[in-house]
Each structure stands twice: as C-alpha cells, then as structure tokens.
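Peer 1: Sequence:
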Amino acid sequence: HLIEDSNFQRAYLNSIFVTTMVLLGTTISVSLVAFAFSRLEWKGRNVVFALMLGTLMIPDQMTMVPQYVLFFKLGWLRSFNPITLPGFFAGGAALIFLLRQFMMTIPKEIDEAAMMDGANPIQTWWYIIMPLCRPAIATISIFLFVGNWNSLFRPIVYLKQAELTTMPIYVSLLNNNQESPIPWQNIMAASMLFVLPVLVTFILSQRFFVEGITLTGSKG
1 HLIEDSNFQR
11 AYLNSIFVTT
21 MVLLGTTISV
31 SLVAFAFSRL
41 EWKGRNVVFA
51 LMLGTLMIPD
61 QMTMVPQYVL
71 FFKLGWLRSF
81 NPITLPGFFA
91 GGAALIFLLR
101 QFMMTIPKEI
111 DEAAMMDGAN
121 PIQTWWYIIM
131 PLCRPAIATI
141 SIFLFVGNWN
151 SLFRPIVYLK
161 QAELTTMPIY
171 VSLLNNNQES
181 PIPWQNIMAA
191 SMLFVLPVLV
201 TFILSQRFFV
211 EGITLTGSKG
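If you use the numbering used here, the sequence shown corresponds to residues 1 to 220, in order.
Simulated from the structure, these hints should not be mistaken for lab results.
It is possible that part of the hints are untrue.
DEER-style ranges, computed between Cβ atoms [unchecked claim]:
| id | residue 1 | residue 2 | range |
| --- | --- | --- | --- |
| 1 | Ala50 | Lys73 | 28 to 38 Å |
| 2 | Phe72 | Asn176 | 19 to 29 Å |
| 3 | Ser79 | Thr105 | 18 to 28 Å |
| 4 | Val69 | Met115 | 38 to 48 Å |
| 5 | Met188 | Gln9 | 13 to 23 Å |
| 6 | Met115 | Lys73 | 17 to 27 Å |
| 7 | Asn176 | Met115 | 52 to 62 Å |
| 8 | Ile156 | Ile28 | 26 to 36 Å |
| 9 | Ile28 | Gln185 | 34 to 44 Å |
| 10 | Thr105 | Gln185 | 48 to 58 Å |
| 11 | Gly75 | Leu40 | 33 to 43 Å |
| 12 | Gly147 | Tyr68 | 52 to 62 Å |
Idealized CB from N, CA, C, for every residue including glycine.
When you get a sec, could you build the whole thing from the sequences and use the hints?
Peer 2: Structural data, given as structure tokens:
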C-alpha cells in the first residue's frame, strides 16, 4: 500500500523535481566554466582556476550559516530555491575540475576550425565541445544525481513544510516512527524504491562513467 500513500507519492515527485533541476542547472553552468578554463585564453586564468580549487578546502559547515542568512533575506526558505537555484551558478569546484580535465584532452584545432567557419565561443561550446564531452558529462551527472537524490541535510534545513518533503526525509521519518509494531515492510519497500533509480542510472551509464573517469585523468 506504500505506492498509494499520498505522502510517498509527493516525496518521490519532489525528489525527482529537485534532482532534475540541480542536474540540468549544474551540468550547464559547470560545463560553461570548464569551457572557459580549458578552451579560452584570458589573463589570470590559471590564478582564478587555482583559487577555485582552493575552495575545495573550505568545509560546508563554514558556509552553511552565511548561506542560510542569505537565503532568508532573499525569502527563499520553505521553498526548493535554496537547493535548486545555486546549481545554475556553477555549483562544485570538483565537477568543474573533472570536466575541465576532460576538455583539455580535446585538440585545440577543433576550436580553430570552428572559428574559421564563423562559430562564436558559445556555439563552439554547445555544438562541438559538449557532444565530445558525453563521457565526462555522464560521469558528473551520476555524481550529481546520487548526491542530490540521497541528500538529507539541506532538505531538512531548508524544506520545513510537509508539502516539500523529499524521499530521504520521508525514509528518515519512517525509521523514526514511534508506532508499535515498527512498520518494517513500509521501511523496506520505501528504501528499495528509493535506491532503485540510482541503480538503474548507474547500470545504464556505467560505460560512459568508466570512460569519463579514465579520460579526465589523462591530461593535467
């Protein structure tokens, strides 16, 4: 009867919406930044890239309070905005690094040929570089999907309404249920349905995942 539960249905749809928005926004923004670091020549590029990598050493706990205050002043609390919108502004130095390393393996002659044909940098990025980066994009997409589908901390902090509950929160509430006896059948069913999309995604994308991981480390 779990599938017929309206709370389960709402949580599942919320998780799909949040994960899809983060996946699309972050993939597009990260690929644009990686393209700028790997294919375009501009003053201070390496310095900015090094500073960006330095942000990897900043723990999330240090930025959580400033982010919360910012989202509060923007009026984004109790909505999906704090989770979905930041991804549209290049969320993740590690993902930028992975995609940048992959783009570095693509010959620069391709860009020069596109420029001679009249393509601007945005057209080169979208029509030429992005199709060639499918293995790397599949890799970062898996990381993003798994990370956001399983995310519990940020939804608990920002989504404080029952209508915005995601699957990690739903499963957590089932585990903390005070009913007697404990509804283990619902917990097991919810956990299985929760893990299923991750397994299916990896099985369908494992060829691109392995290829992407291999090639991103082939050039420094």
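Peer 1: Hints first: check each against the structure and report whether it holds.
Peer 2: So, going through the hints one by one against the coordinates:
1. Range check, alanine 50 to lysine 73: about 31 Å between beta-carbon atoms, so the 28 to 38 Å window is met.
2. Our hint of 19 to 29 Å for phenylalanine 72 and asparagine 176 holds, since their Cβ atoms are close to 27 Å apart.
3. Separated by about 40 Å at the C-beta atoms, serine 79 and threonine 105 break the suggested range of 18 to 28 Å.
4. Separated by about 45 Å at the C-beta atoms, valine 69 and methionine 115 satisfy the suggested range of 38 to 48 Å.
5. Range check, methionine 188 to glutamine 9: about 18 Å between beta-carbon atoms, so the 13 to 23 Å window is met.
6. Range check, methionine 115 to lysine 73: about 43 Å between beta-carbon atoms, so the 17 to 27 Å window is missed.
7. The supplied range of 52 to 62 Å is met by asparagine 176 and methionine 115, whose beta-carbon atoms lie about 58 Å from each other.
8. A beta carbon spacing of about 27 Å between isoleucine 156 and isoleucine 28 agrees with the range 26 to 36 Å that was offered as a hint.
9. For the pair isoleucine 28 and glutamine 185, the supplied restraint of 34 to 44 Å holds, since their beta-carbon distance comes to about 41 Å.
10. Checked against the given bound of 48 to 58 Å, the beta carbons of threonine 105 and glutamine 185, roughly 50 Å apart, stay inside it.
11. As the Cβ distance of glycine 75 to leucine 40 is approximately 36 Å, the hint placing it in 33 to 43 Å holds.
12. Between glycine 147 and tyrosine 68 the Cβ separation comes to about 20 Å, which falls outside the hinted range of 52 to 62 Å.
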